[in-house]
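Sequences are here, hints too, so could you generate the full structure?
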Amino acid sequence: MFDAFQQFMPALFLVGDPLNIVLIVLGVFIGTAFGILPGFGGSQALALMFPFTFFMEPASAIMFMLSIYSGAEYGGSIPAILIKTPGTSAAIMTLLDGSPMARKGRPRRALQISNVSGVIGGLLSSVIFIFSASGLAWVGLQFGPSELFAVGIVGLTIVGGFVGGEPIKAFIGCTLGLLLSTVGDSTFGGTRLTFDFPFLYDGVPLIVMIMAFLAAPEGFRLMLAALSGGRGYGAPNQPQGTLIASSAEDGFGFRDFIKILPASIRGGLIGTAIGALPGPGPTVAAVVAYNEEKRWSKDRDRFGQGVDDAIAAPESSNNAVVAGAMVPALALGVPGTGAIAILLGVLVSKGIVPGPTLFSEGGPLVMSVFLGLVACNIALLLVGWFGIRFFVPIAYVPAKLLAPFIFVLLVVGAYAYDNSVTHVVMFLVIGVFAYVLEKIGVSPLPVILGFVMGPIIETNLGRALIINRGDIVAALSHPIAAGLLLLALAIIVGSTVSMVRKKA
Amino acid sequence: MTSSRQKSFINIGLYGFFILVAGFGYLQTNGFPQPLLPGYPGSAMFPRLALTLMGVFAAAGIALELLRLSRSAAAEPQAPVPLAPDEDAEEPTSARDFLIVLAMLASFVAVMQWVGMEVGVLLFVAAMVYFVTRRALTSILSGVAAVAVVYVIFCQLLSVFMPLTFLPRYLNW
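If you read the protein sequences in the order shown, they are chains S and E. Under this note's numbering, the first residue of the first sequence carries the number 67, and numbering increases by one thereafter. Under this note's numbering, the first residue of the second sequence carries the number 5, and numbering increases by one thereafter.
These are calculated hints, taken from the structure and not from any lab test. Some hints could be false.
Pairwise CB distance ranges, derived in the manner of DEER restraints [said to hold, decoys possible]:
no.	chain 1	residue 1	chain 2	residue 2	range
1	S	262	E	172	32 to 42 Å
2	E	148	S	453	21 to 31 Å
3	S	506	E	74	18 to 28 Å
4	E	17	S	82	53 to 63 Å
5	S	85	E	27	45 to 55 Å
6	E	148	S	264	35 to 45 Å
7	E	173	S	455	29 to 39 Å
8	E	74	S	453	33 to 43 Å
9	S	453	E	44	50 to 60 Å
10	S	363	E	14	39 to 49 Å
11	E	8	S	83	35 to 45 Å
12	E	77	S	560	50 to 60 Å
In silico SDA-like links for lysine to any residue, alpha-carbon gap of 25 Å or less [what the hints assert, rightly or not]:
no.	chain 1	residue 1	chain 2	residue 2
13	S	325	S	171
14	S	416	S	120
15	S	568	E	152
16	S	568	E	70
Backbone N, C-alpha and C define an ideal beta-carbon position, used for all residues, glycine too.
Shown next as structure tokens:
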């Protein structure tokens, strides 16, 4: 049984390891830098950095990736405030009041509110998780192979149904991911779908899939933007010095902190709740938090002119999504966003199976993830507070010029997997396929989720069938499993009917 | 043809492609090893499940698109075929640019093995940046910076065995 308090000290020692502290600070730096670049969000940063986790222990790898994700969510607000260009889509709401505040001569205050409220949201959601973990572990103990198979199917249908766009395409994406996960040697004997190519015997590596589906399409878009419209693309439209000039009123003190605390807590709670739902992600969380804050604020007429709470609530909310999204990801194996799917991929690549049993069998790892998030937020506070001047110039680097660098990193990352050009070619072929699929409306997230969940679902289905002597009806008619499968069916039918009605 | 009708036909093509994939994949599964014992799941079971679901979803997609087409045909009067290209259509240059990017990437991957990582990265980044900026110095500096980043991080810090022509594999720090 997972006892949060029993696991607390071993997890604390794990997080406190000097190497992990360095990785967390480095991850926050890298994530913030990526978040600042327009067009680059948490998913792309994590996909690019995935190859580096090969060289890390599981806990170190997950903490490094979490800190990159947290940093990217914060980093997006810096260009939103300074040059009115959100680095990530979640920072759009920060722009509404952050940019006017900066233009009134208080850019430092806007950046510090964004930083502090983001940290409050992140800490709040981490603490909420730590206290709810024991309950999740109890749920995990009630689950056998049949239930775990059904949970996997429900996870796929939830993400398929709510990822946006046309659900049928998302469900096909899930099946494509499941199919690709079966390529190579099978645990049930023989090889599958290798077409006698030796390089397919080991299957399609997860790193190749993640880079091809989540980073390559963005790289292609950047490159094409640079080639078609960006010839001669140079410095950004606004001069650097004028925007970060501070007035005498620019600053953020303890009284200001107390003033933004309620809005940050409200935003954090909204972000935690929305993060726990698969699908919406940090952008929706920021929009909801901003709207709720505006609805209940006495200053609602001044929203859009540089109100403190209007920056604090969405920033807190989008950072709280990180820990909130880890709950269904670790407890049910259901990632709500592309970034969380990559984090699950890191776990799977280290031989750790996400799902209900992780809480009862994962030892201090689960607790270290959340204590790691607390450490990430502390690092984020320090890096954000003292490093703003260092990060500001990054906002002025034309993102389109970075496309070749991004592809070099992707190609070298794929090569580094096993020092072979085969996987680089595989990455390019799958990357082009992913780009084309995305152009015609098939989101990469369900494909990646299907790929990550495929082996888990297959193994549990196999176990359930073996236990029930091959009787599939007996295997899937356990009350919890049957209930979950009915829920999956309802999600498929419901989302399809809703799409048909919308288009009619 | 209106853009929504065009989109429907593209979707039907996409779903048709996935039905073909499902059918072809299903045929492939016939060659997979049989289960070891009665009641024991064979290696074909799970791919077949995924392929069946793929086929069912794709067929449902085609049915929905046909329904949409028949509704739109009933609702909209027939529009004359436009002589000018559709505004929503993909710009012809973007397909050409995509092929250029792809060719450059493929060349980069192909030559990296033969001329070494440093030359491959330098040429690829410099060429791409030159294509965008038309500034020779910026392009060369970008290429050199990319080589430095890859060499220091991957070759030295992470000891990845990259193909190198000029740079030393090990440095005494």
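Structure-based check of all given hints:
A hinted range of 32 to 42 Å for the beta carbons of residue 262 of chain S and residue 172 of chain E is consistent with their spacing of about 40 Å. Separation of residue 148 of chain E from residue 453 of chain S is about 27 Å and conforms to the stated range, judged on CB atoms against 21 to 31 Å. Here the CB-CB span from residue 506 of chain S to residue 74 of chain E is close to 22 Å, well matched to the stated 18 to 28 Å. The hinted range of 53 to 63 Å is satisfied by residue 17 of chain E and residue 82 of chain S, whose Cβ atoms lie roughly 56 Å apart.
Between residue 85 of chain S and residue 27 of chain E the CB atoms are about 51 Å apart, so this pair conforms to the stated range of 45 to 55 Å. Checked against the given bound of 35 to 45 Å, the beta carbons of residue 148 of chain E and residue 264 of chain S, roughly 37 Å apart, stay inside it. For residue 173 of chain E and residue 455 of chain S, the hinted distance range of 29 to 39 Å is satisfied, since their beta carbons lie about 38 Å from each other. Checked against the given bound of 33 to 43 Å, the beta carbons of residue 74 of chain E and residue 453 of chain S, roughly 59 Å apart, lie outside it.
A hinted range of 50 to 60 Å for the beta carbons of residue 453 of chain S and residue 44 of chain E is consistent with their spacing of about 58 Å. The hinted range of 39 to 49 Å is satisfied by residue 363 of chain S and residue 14 of chain E, whose Cβ atoms lie roughly 46 Å apart. Distance hint check for residue 8 of chain E and residue 83 of chain S: the Cβ-Cβ separation is about 57 Å, which falls outside the suggested range of 35 to 45 Å. For the hinted restraint 50 to 60 Å between residue 77 of chain E and residue 560 of chain S, the CB-CB distance of approximately 28 Å leaves it violated.
A hinted pair counts as satisfied when its Cα atoms are at most 25 Å apart, and residue 325 of chain S with residue 171 of chain S qualifies at roughly 20 Å. For the hint pairing residue 416 of chain S with residue 120 of chain S, the CA-to-CA distance comes to about 9 Å; that is within 25 Å, so the pair holds. Proximity of residue 568 of chain S to residue 152 of chain E is assessed by CA-CA distance (about 52 Å); at most 25 Å being required, the pair is judged violated. For the hint linking residue 568 of chain S to residue 70 of chain E, the alpha-carbon distance of about 16 Å falls within 25 Å, and the restraint holds.
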